[in-house]
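A.B. asks: One line per chain: the protein sequences are F and G, in this order.
The numbering of the first sequence is the numbering used here, which starts it at -15 and goes up by one.
The numbering of the second sequence is the numbering used here, which starts it at 5 and goes up by one.
One should not assume that every hint holds.
[To be verified] Now the in silico label distances, taken between C-beta atoms and shown as ranges:
hint : chain 1 : residue 1 : chain 2 : residue 2 : range
1    : F       : I346      : G       : R147      : 42 to 48 Å
2    : F       : I317      : G       : H212      : 42 to 48 Å
3    : F       : S9        : G       : Y126      : 45 to 51 Å
4    : G       : Y126      : F       : D58       : 55 to 61 Å
5    : G       : P164      : F       : K15       : 39 to 45 Å
6    : F       : D368      : G       : H212      : 54 to 60 Å
7    : G       : H212      : F       : K15       : 19 to 25 Å
8    : G       : G162      : F       : M(-15)    : 35 to 41 Å
9    : F       : R204      : G       : E6        : 58 to 64 Å
10   : G       : P164      : F       : K102      : 17 to 23 Å
11   : G       : A62       : F       : M103      : 57 to 63 Å
12   : F       : S9        : G       : G162      : 20 to 26 Å
I should point out that these hints are in silico values taken from the structure, not numbers from a laboratory.
These figures come from a predicted structure and were not determined experimentally.
The beta carbon of each residue, even a glycine, is placed where N, CA and C say it ideally should be.
Residues per chain, in single letters:
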Amino acid sequence: MRAACWMGRRDVRVEEVPDPRILNSRDAIVKVTATSICGSDLHLYNGFIPTMEKGDILGHEFMGEVVDAGPGIDPEILAVGDRVVVPFPIACGRCWMCRHELYSCCENSNPNAYVAEKMLGHAPSGQFGYSHLTGGYAGGQAEYVRVPFADVGALVVPPHLTDEQVLFLSDVLPTGFMAADNCKIQRGDVVAVWGAGPVGQLAIASAKLLGAERIIVIDRVPFRLRMALERAGATDAIDYEDGDVLERIKAITGGRGPDACIDAVGMEAHGHGVQFAYDRAKQLARAEPDRPLALREAIFACRNGGTVSVVGMYGGAVDKFPMNAVLNRALTIRAAQTPVHRYMRPLLALVEGGQLDPTFIITHRLPLAQAPRGYDLFLRKQDDCVKVVLVP
Amino acid sequence: METQTADRRGSDGRLSTGLALFSFGLGAAQLVAPGTLGRVIGVGAHAAAQRTLRLVGAREVLSGIGLLARPRHALPIWARVLGDAVDLALLGLALRSRRRRRSRRVYAAIAAVAGIAIVDAYVGARRARRGRPVRSVALTVDRGPSEVQRRFDELVHGLPGVYRVTYRVAPRGRGTEVRVDTNEPVEYDLDRELRQIKQLIELGEVVHAQPYEGR
Ligand SMILES: NC(=O)c1ccc[n+]([C@@H]2O[C@H](COP(=O)([O-])OP(=O)(O)OC[C@H]3O[C@@H](n4cnc5c(N)ncnc54)[C@H](O)[C@@H]3O)[C@@H](O)[C@H]2O)c1
Ligand SMILES: [Zn+2]
Ligand SMILES: [Zn+2]
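Using the sequences and the accompanying hints, generate a full structural model.
C.D. replies: Next comes the structure, spelled out in structure tokens:
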């Protein structure tokens, strides 16, 4: 079959690779009908995530049709022919973490847990196409993909919804929703969102749905800011190229700061001045994997006693973390690799009911063969790119 | 509730006790009947030889006490090895002043002491190795203690360096805590093996991320 493979930094190629096979009893093989490129894939593309190996199959946002199912899967739950969307974390559904809905922390799905433990203290779950720290599972930017624990992972979707309506249940919709959900939004709250990529857009839409009254978006890409205002539901937009972000947020919030701040940027934040130069230099020297500019800004901006909700990805220990602000101003920090399984069904209901339509983020539809072009467009934000959907 | 299984320290524990009892027996003989013993091993029953044998006997009894009092330390056993060397040297000296008929007995005594020295050195080496820092790997398995203990007892065998497995009921519905102590310098493998045992218990199979050889 054909699959998008990571061949090194800024080098993605569509290669001929062996077809996946059933290896465990609760595996399914899914014939992919739609898959997309995530901001997290860009961190791989840029070579910032350790333990990638040349030839690894990329992709953790995908859906398709079940073409084979292992003997451990109850046919009442999942059967050949079902149309499914698959969460990016791999979760056994039976361990203590899974039973407490901490699916992205499943204790049984990451065979390389002992490696991750050295870096993180404890290990997260396995994930599709996201380095060997999360197991080295093959990803879904491919014609076929093996889905372990498909009976708890793969969600059967109703036929009247299109692929594009449900595809983002695999990652960015639950991630944007969790980002807002973690803010414990009350009616009338002010929420600021750093990053107007797919995750930021859907965080804004979710914050609006959950009752936020004023939503401030911060980015520097004009069409992304416009999309946030016109499509997602932001009320104020700040182009961080235009001057001091903190000052402008204070001006918008009566000097008090937003009730909650969402970091939907992560480790590759852009910026200006000494701090950016410092982080960029350290990152290039491999002395620090992250440039946490947006995170620092979100912490500084947040009102006293407010919540900083982090969904942007971080690869290592961040530098110059303003713990003094967190402590003195009673901030709460919440973060996670999204336990997608927890949010899929309620979000599917919202999509079905028309309260949430994530398709507005799609700007490009390309055949899988053009995955390299998709990565490049998305990275450079050329051609007003926000989200690329690949069709095998 | 806390239970232990697979304590592999038993074997040299028995060896140590055996050595201690042997020391008491030999020491007693040397203290009580140095003349008879001197004749048996070919060093004679004259006053000097009896004095030496009493001293050696006293040391023998002390070393037996040391072995029992400090069952996990290497020091008492190396003291024994040193004593064995002294005995061999004394027997060597005796050899020089003996006539041929007696020297055959001395040779036999040398062989016996050398044999004991080898056993002492073996136990000493094991104890020294066990003295290396012990690493524990702990994990929680989402099942009751009897099932977890039964499955681990089956599956933990054959893993290198595992010498003790401790089980404890985890707080409030969290299953069973398993702690595995090891003194082998294994880095990753033990963790991986133990996780696979957890997978076998919780899921019924080992989880594979990638196809491996033969599949
Ligand atoms: N936690 C999770 O489970 C999860 C899931 C999906 C994605 N992510 C992460 O979320 C982040 C965003 O993903 P995406 O798909 O939207 O990616 P993206 O790259 O399209 O979006 C990032 C946006 O941040 C903007 N940006 C850069 N520096 C900024 C700054 N200093 N201030 C404000 N905005 C800035 C960029 O212009 C861009 O529009 C990534 O780090 C990704 O890895 C996390
Ligand atoms: Zn993602
Ligand atoms: Zn699990």
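A.B. asks: Now, for every hint given, state plainly whether the structure supports it.
C.D. replies: Do the hints match the structure? See the list:
1. For I346(F) paired with R147(G), a C-beta distance near 45 Å keeps the hint of 42 to 48 Å intact.
2. Remark: the range hint 42 to 48 Å for I317(F) to H212(G) is contradicted by a beta-carbon distance near 36 Å.
3. With their beta carbons about 48 Å apart, S9(F) and Y126(G) fall inside the hinted range of 45 to 51 Å.
4. Separated by about 57 Å at the C-beta atoms, Y126(G) and D58(F) satisfy the suggested range of 55 to 61 Å.
5. Our hint of 39 to 45 Å for P164(G) and K15(F) holds, since their Cβ atoms are close to 44 Å apart.
6. Between D368(F) and H212(G) the C-beta distance comes to about 42 Å, which lies outside the given range of 54 to 60 Å.
7. Checking the proposed 19 to 25 Å range against H212(G) and K15(F) shows it holds: the Cβ atoms sit about 21 Å from each other.
8. Between G162(G) and M(-15)(F), the C-beta spacing of about 39 Å keeps the proposed range 35 to 41 Å intact.
9. Restraint check, R204(F) to E6(G): a C-beta distance of roughly 59 Å satisfies the suggested window 58 to 64 Å.
10. Distance hint check: the CB atoms of P164(G) and K102(F) are about 21 Å apart, consistent with the given range 17 to 23 Å.
11. Against the hinted window of 57 to 63 Å, the Cβ-Cβ separation of A62(G) and M103(F) comes to about 59 Å, which satisfies the hint.
12. S9(F) and G162(G) have their C-beta atoms about 25 Å apart, which keeps the hinted 20 to 26 Å range intact.
Comparing the model with each numbered hint stated earlier shows that hints 2, 6 do not hold.
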